[in-house]
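Undergrad: Spelled out, the chains give:
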Amino acid sequence: MSSGPDRLTARPGELINRDRRIGFHFDGKRYDAYQGDTVASALAAAGVRAFSRSFKYHRPRGLLCCAGRCPNCMVEVDGIPNVRACTETARDGMHVRGQNAWPSVRSDALAVFDRFDRLLPVGFYYKTFIRPRWLWPLYEGVLRRLAGLGRINSESRPELHPRKRHLHCDVTIIGGGPAGCLAALEAAAAGSRVVLVDDQPRLGGHLRLQAASTSGDDRIAGRSGIQAAAKLASLVASRPEIEHLSNATAFGLYEGGLIGVSQGNTLVRIRARQIVIATGAAENPLLFENNDLPGVMLGTGALRLAQLYGVKPGTSAVLLTDDDHGWRVALELIDAGIPVSALVDRRSDEPEAELTRLVREKGVAIHLGGRAVRAQGRGKVNGVIVVSNGRRQRLPCDLLLMSGRPEPVFSLALHDGSKPRFDEQLDAFVPPAETAGIRVAGHANGLLDEAAVPPSRRRPEPAEGGGGLEAPSSGRRDLDGGASGEAGSTGRKSFVCVCEDVTAKDVGGAIREGFDALETLKRYSTVTMGPCQGKMCHALSARLHAALTDQSVGVTGLTTARPPFQPVTLAALAGPHLSPYRQTAMNDRHAAAGATWMDMGEWKRPFMYSTVEKECQAVREAAGIIDVSTLGKLLVRGVDSGEFLDWLHPNRFSDLRIGRVRYRAMCDDAGIVLDDGTIARLGEDRFFVTTGTGTLDAVEQWLTWWLAGSEREVTVTNLTSEYAAVNLAGPRARDVMGRLTSMDVSPKGMPYLSAIEGPVAGVPAIILRIGFVGELGYEVHVPADYGAHLWDALLEAGRDFGLEPFGVETQRVLRLEKQHLIPGQDTDALSNPLEAGLDWIVKSEKPDFIGRDALARVSANGRRNLLVGFEIVGDGIPAEGAAIVDGGRPIGRVTSCKWSPALRKAVGLAWVPASNAVPGAELVIRLGVGTDGKTTRGRVHPEPFYDAPGARLRS
Amino acid sequence: MRVNASFHPVRRSALEALHARAGAHWRSDTLRWPLHYGDAAQERAAIRETAGLIDLGPSEKLSVRQSDLVSVLGKAGLDFKPGQITQNLMGRTRVEVWGIAPDEALLVSLQAIGLSDYLDSKEILNVSVSSALYLLRVVGPRARRVLTELCPLDLGENALGPDRLAHTAVANVPVTLGRQDFDGLPGFTILVPRDYAAYLWGGLLGNGRAHGLQPTGTLALERG
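Protein chains in written order, with my numbering: chain F, 1 to 955; chain P, 1 to 224.
Bound conformation, chain P alone:
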């Protein structure tokens, strides 16, 4: 091997092995997240009829912790609401702002890189947690039923409305749970530390299969 050989880093999902076993088709050779598991049409149908479990894929995530976040993030054109998820557009890039706590925001972008530089330019102190936190989404008519077996929180319409988030436990793992419906289907996004992701994936599927929960690629969330 030559010194200083050029490398082609492969970014791998914490769930790579589980996805591979389920027959995942990757986003690319260097981004090991499943687009689908062989039959995207079936997966689209599944989230409309029962429920799908989705590893939302490589994203840039930045943690911003300070007081007065409403005005600080406002400077960068971002809407911050504690206890809620807001959708923002920065140029053409969609940025979600999760109001984790009154003094803590999590910025999530599934498309962009360079968000951190932009915040730096606005002198907003930010720390990358892109690998640390995973977004697993349960979506479909049976999503709520699947989660009520694993989560003590009231997931009712009036308790956790659209775009609300709460700190709770799913399958005994501490998580942040956000309500994110998709196309009129109930959906819940679980924000979980990376090292628990494989356990949680297995726990969700193991208990959810009885209700028709199946692994679904991100393609199922795109208009087909």
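In isolation and in its complexed conformation, chain F is listed as follows:
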């Protein structure tokens, strides 16, 4: 229960607080950690070496990069899969589990796959499990269990509280190393608003790992790297123009200068005029057999553990390199307290004298012109076979470090589709020439060691970081180890891509099979397609491909870089749960009355208060009120309003008298019904137009469209939110109204289809004498701030008559008894008013209106299908959309069908061929929407089922 034997003495730049201890669980066992530890650093300090099992062969994998780049330490944290342990801060009480292993990472039964790699060659999924076909269901079951990475717990969803931020600035700098910090300071000094995005907890980049002194910019030159990093951080903090986002990863660059950044559970969307990419350079892994054994790490990975967390990943290290960079890493490691017994450099020449001297002084055995052939050990490295100058020897070690020459990291600069360039002099890919608004700075730009790069090859960039650890020298490189191959080495376990378990042998095999272009090789072998998205294998696979196809890497090229650069959770992309909804003014009243709700677009509407039966009975026998505030309401004003409305509708409104209301249905150019509602003429040039709940936006746009560029003097004002509306309906409705207004509510004073403005319950109102449910009705509109007051007054005034509120479901039953259609429910994108039973609104004698020609054609050609009422005479109630069949073939469909408590039968509306639309015609109707064959019987009933003459409505 200690935090392990493998801690170094306190390091100057460490992130841990050694006075604060916390504890967490990994695969059921409790581990101690210091505050500030990552899950990986705490486990490494406790001696854990295997963190995961590999994707295909289930080989144990240990820490590799310790920088959130590789897939090796992906674990499940508190139910969330694929979390990188090396960047996830350890929290007290957290539960961490290994992935892709059964029963555990330590002993994984599936590791048997490692022995059968010959049965699982590259592209095996295109070749195997195909015959015999009848076995596929078995294969599929097994493959589905084995495939994929991490398990999603579908039982409990973790409590994520994703947030979103929108930032706008003049300059966004991605990368908080020396180049990024200096660029930020420069931009801030010029008066720009700057956002500095860095994926580390502290600024300074690679300087934070470096005890050796820095060169470069005056502000930091001469200091140790760690001091220089601190200096840069304090300079940045002192500038209010700079907003520094720490632990934040820029995962993509998108159109319009949009940068996607994930910072913990927050998605930050940054819009910048200028983007500077200063993402540095990254050390490459090397190729040799068993290069994935736990204990084989990147040199900077080990250094990261040591300098930032005081963790000692091994007691005797051998470092493999092909660059001066590796020598510097060796010095830093020794300085930090990690003994390096041997350094194996691929090159035959020593680096500059001073560096060589320093390394030799530390007693490191140097093997020039040497390379690793094979790492040895079972589950953990214990030695490496090295060949140098023709001599083969075994070097014992418990830590094998790979410090391949660093490559510039600039994938983000390619997200706009531009292509990298291969610089022969540098022997490296470099970013494209500066594109609009995007610059690449520092090591990311291939701006390398000053001394090693001739001035003509230097990238024109002001912000140069300190010449430090990751400043590689030039010089061509060959591939190491089993790749291009020592005799006897097959590359069978030389991993190019650790995410997808693609080996050097696989790459060779794929090329022999004809996938000899890098992009096809990628798709076939899946190299670079894993969770690291090529961060570990991009350069390695390109170089291996070049070597095997005997061409230059410049010709081979790199595969396309696309967002996201780093994985981002769907929850973060989705952001907080912000789905707007709309409430009417009576919302609280409905809730208090115990209404159940239904969504209509964004609106919340009461579905039902008690039962359909009870609510229907109140409306038919006494009175009911329904909240119809969600109806669209438009005020159309201006001298040309009447003529404009005539043009928009098949029926006529210019002749509507003031104080009258008329049904409206609107068609498009093809004569298709778009929407219906009413139009009331409140004044000479003032029309109050109502629309359906869901169609308001379309209608408003339609009106605006036809007014644009028109000479008509018409203005349209959307008053949907201004008015709350209630429909009062039932034989006692007049008695209720009489109690709420001093106006004459008698059949003479306020007759059917009148439209009157006056006070109701003391509030100015628009009263329309209309109804949708076939009873004496009043639709009352009042300013919405008084909506609840009106509702209260109606309930109070109607109580002793038996008035009840009713919901949308009851309204739909009542309107079906009257066979009133609802556009969108009973009509669709092919329905015209002539066939939908609205022929009475079409005034074909009008000079012109939208849809006139189309409707004339329908009249001329005859109506083919009609919307008719029907009753069910068999059992069951067909679903909406159910087919009407004749001899098993569909001939029509049900659009609405509900049980009517009053009629004691189910009634509905359906589209049927004109020949079937005769009273009493028998219909065979499927019950479900599917084709399971169950049917019932119905009978056509073209007349309303309830009060066919409409006497009650007009009373």
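No lab work stands behind these hints: they were computed from the structure. No residue lacks a Cβ here, since even glycine has one placed at the ideal position from N, Cα and C. Careful: at least some of the hints might be erroneous.
Ranges of calculated distance between the beta carbons of each label pair, as one might list FRET restraints [to be verified]: (1) F:L135 / P:P174: 50 to 58 Å; (2) F:G437 / P:G156: 17 to 25 Å; (3) P:P174 / F:G222: 25 to 33 Å.
Assemble the complex: chain F is given as a structure, and chain P must be docked to it using the hints.
TA: What follows is chain P alone, placed relative to chain F:
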């Protein structure tokens, strides 16, 4: 109940229930807008230290839509600037003119009734939208931080200066957003359709609490 009984209409905020739950003290029995939520002094402090969210209360709002608004409203002594909010005095009544579009103005008066009659007398066609549109104000040092989490617009000093307005979305609701500072504190007024107000209020508070946003009565905007 007698026929034609006299009524005492109660004008209610779309947020009445939310205000009540937060302990609002109403303006009056018939105007259900919060003056404060129990501790006006604390609310005054909150808008100076973090941020307050205010339902600006019953106001008269008139929509005027026609071309040539500069001269048409000029006739009535009102200053119209598209994309800006102007402050006007009509007698003793303060009238804000929101330049919604080159051919659309919104007149807002927190005090007066009778503005519509006055415009009618000047033959300026106007439509009351007093209930339709709600004014929610976020004010305080953290106001900008609260809104950057919910609004894609650049709210920087140079992008949306004082008394400027813009059409945007807050918490995915289409709104008009006006910059209206208060006493040197950054402030933003959100003009939102009434039916979205409760949703938006909840969305703002739910996300803003982390930054110290709290409901504040209108009293906090008066010199105390």
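Undergrad: Sort out which numbered hints this structure fails and list those numbers smallest first.
TA: 3
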